[in-house]
Amino acid sequence: MVCPYLEYRTHDESHEFDHPRAYCGASEAFVSPMQADVCNDRDRFDHASYCSVYRRLVAEIESGDD
Amino acid sequence: MTYDDYLAGKKVILTVATTGGVHGKDANLNLPEQPAEIARDVRECERLGASIAHVHGRDEYGENSAAHLQAVNDAIRDHCEDVIIQNTTGGQSAYESRVRGIRTDPPPEMASLDMGPFNRGQHIITEHTRHNIESLAREMRERGIKPELEAFNNGHLNETHRLIDLGLLEEPYYVNLIFGGGTFSMPSPRNLLNLVDNLPENAEFNVLATGRHQLPLTTMAVLLGGHVRVGMEDNLYFERGRPAENNAQLVERSVEVIERLGREIATPEEARSILGMD
Ligand code: SF4
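Heads up: the sequence lines are chains A and B, in that order. Residue numbers for the first sequence follow this note's numbering, beginning at 1 and rising by one. Residue numbers for the second sequence follow this note's numbering, beginning at 1 and rising by one.
Take the hints with a grain of salt, since some may be wrong.
Per label pair, the in silico range of CB-to-CB distance [as the list claims (entries may be wrong)]:
| # | chain 1 | residue 1 | chain 2 | residue 2 | range |
| --- | --- | --- | --- | --- | --- |
| 1 | B | S188 | A | A59 | 46 to 56 Å |
| 2 | B | L29 | A | A26 | 45 to 55 Å |
| 3 | B | E239 | A | E62 | 16 to 26 Å |
| 4 | B | E139 | A | R9 | 36 to 46 Å |
Quick look at which bits of chain A chain B covers, simulated, 3 or more residues with Cβ under 8 Å [what the hints assert, rightly or not]:
| # | stretch |
| --- | --- |
| 5 | 12-23 |
| 6 | 29-35 |
| 7 | 44-55 |
Below, a sample of chain B positions facing chain A; criterion: calculated Cβ distance under 8 Å [what the hints assert, rightly or not]:
| # | residue |
| --- | --- |
| 8 | G21 |
| 9 | G24 |
| 10 | K25 |
| 11 | D26 |
| 12 | A27 |
| 13 | R58 |
| 14 | Y61 |
| 15 | E63 |
| 16 | Q92 |
| 17 | S93 |
| 18 | G116 |
| 19 | R120 |
| 20 | Q122 |
| 21 | I124 |
| 22 | T126 |
| 23 | D278 |
In case anyone wonders, no lab produced these hints; they're calculated from the structure. Bear in mind that the values here come from a model prediction, so they are computed numbers and not experimental data. Every residue gets a Cβ at the ideal spot worked out from N, C-alpha and C, and that includes glycine.
Sequences and hints are given; from them, build the entire structure.
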């Protein structure tokens with residue numbers, strides 16, 4: 001399952017691309033091709049274990065729930 | 001490979017690494033990702049003197065895809081004269097994906113062979129176990145592919161000696177000494193000297209240094225009788241605050257430096273001869 005924060009976009013405020021690219025809705029930034037492997041749960045990766053941004057967000061949400 | 005090789009005017013093998021697996025157009029719009037773009041860059045670099053093209057595959061979103069190596073290889077063969085294709089088998093993906101770098105048709109003349117794992121970000125260690133490395137080395141030998149031995153740090157030279165002791169490599173061993181952050185060798189002239197001192201007998205070495213270390217450490221390699229790899233995979237900037245316009249810009253500067261220092265650039269044919277591939 002890919003990360004729920006992952007989108008594919010052609011632009012943001014400071015970038016404009018010919019083709020859609022991986023964009024992180026949580027950090028509001030395009031992600032590198034290397035990171036996109038994690039966002040897409042590709043190969044041995046899963047975003048819940050390998051992404052610092054996602055882990056931090058989940059920790060924040062959980063601590064807010066307490 | 002020694003300073004004597006420099007004095008003797010041994011030719012320099014120049015490798016261009018156009019794309020890599022780390023950065024994308026989000027970091028520098030000029031980084032080529034699609035097969036035709038990569039092939040155009042390689043052709044321009046070959047014209048300037050690059051004899052080896054280190055190749056990664058990307059999909060339509062610019063993401064890493066070993067499945068796209070075939071298309072990149074085909075495009076390079078269509079556009080270029082005689083450049084040596086060196087496919088990656090490295091990076092963070094699983095073995096089954098990385099091994100595709102030596103299973104293109106026809107196989108590449110060369111492929112990278114990482115000598116051990118390294119860190120990526122906070123949670124990733126690449127999966128270069130001894131078992132995986134030996135399997136790749138064996139298959140490369142069966143297919144007649146010359147490995148470039150990627151020594152990301154000092155310990156990876158131990159592993160290189162170990163592979164030689166196992167009889168899995170053929171002379172001359174082509175070792176790529178890698179400098180940068182994280183688990184790469186710390187980039188300094190003294191560390192380069194030390195690593196060169198610890199190379200196996202009958203080795204040729206190449207230097208890859210990331211970012212602002214690219215120019216000084218590859219220049220030092222020229223003086224030590226080694227070879228040079230440059231390109232946007234390793235360095236997105238031409239100089240501080242000035243993004244590289246293309247790979248050719250970095251190659252052109254290296255050619256100028258190498259020639260100023262009195263060494264000539266090897267043609268692909270001469271590179272094959274230096275590396276025992278003919
Ligand atoms: S960077 Fe992390 S949080 Fe953002 S889309 Fe990718 S996996 Fe999700």
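Interface hint for Y61 (chain B), Cβ within 8 Å of any Cβ on chain A:
6 Å, holds
Is the interface hint for S93 (chain B) satisfied, with its Cβ closer than 8 Å to some Cβ of chain A?
5 Å, holds
Proposed interface contact between K25 (chain B) and chain A, which counts if any beta carbon pair is under 8 Å:
Hint holds; K25 (chain B) Cβ to chain A Cβ min 6 Å, cut 8 Å.
Is the interface hint satisfied for G21 (chain B)? The criterion is a beta-carbon contact with chain A at less than 8 Å.
6 Å, holds
Consistency of beta-carbon spacing, R9 (chain A) to E139 (chain B), with hint 36 to 46 Å
Hint holds: Cβ distance 39 Å, inside 36 to 46 Å.
Using 8 Å as the Cβ threshold, decide whether D278 (chain B) counts as touching chain A.
35 Å, violated
Holds or violated: is the Cβ of E63 (chain B) closer than 8 Å to a Cβ in chain A?
Where the cut-off is 8 Å and the nearest Cβ of chain A is about 5 Å from E63 (chain B), the hint holds.
Does T126 (chain B) meet its interface restraint, that is, does its C-beta lie within less than 8 Å of any C-beta in chain A?
For T126 (chain B), the interface hint is violated, since the closest Cβ of chain A sits about 11 Å away, which is over 8 Å.
Q92 (chain B) as an interface hint toward chain A, with CB separation required under 8 Å
This interface hint holds because 7 Å falls under the 8 Å limit.
Minimum Cβ distance from Q122 (chain B) to chain A below 8 Å?
Cβ of Q122 (chain B) sits 5 Å from chain A, so the hint holds.
Interface hint check: D26 (chain B), Cβ to nearest Cβ on chain A, cutoff 8 Å. Holds or violated?
4 Å, holds
Regarding S188 (chain B) and A59 (chain A), is the given constraint of 46 to 56 Å on their beta-carbon distance met?
Given range 46 to 56 Å: violated, Cβ gap about 38 Å.
In summary, the numbered hints that this structure violates are 1, 2, 3, 18, 22 and 23.
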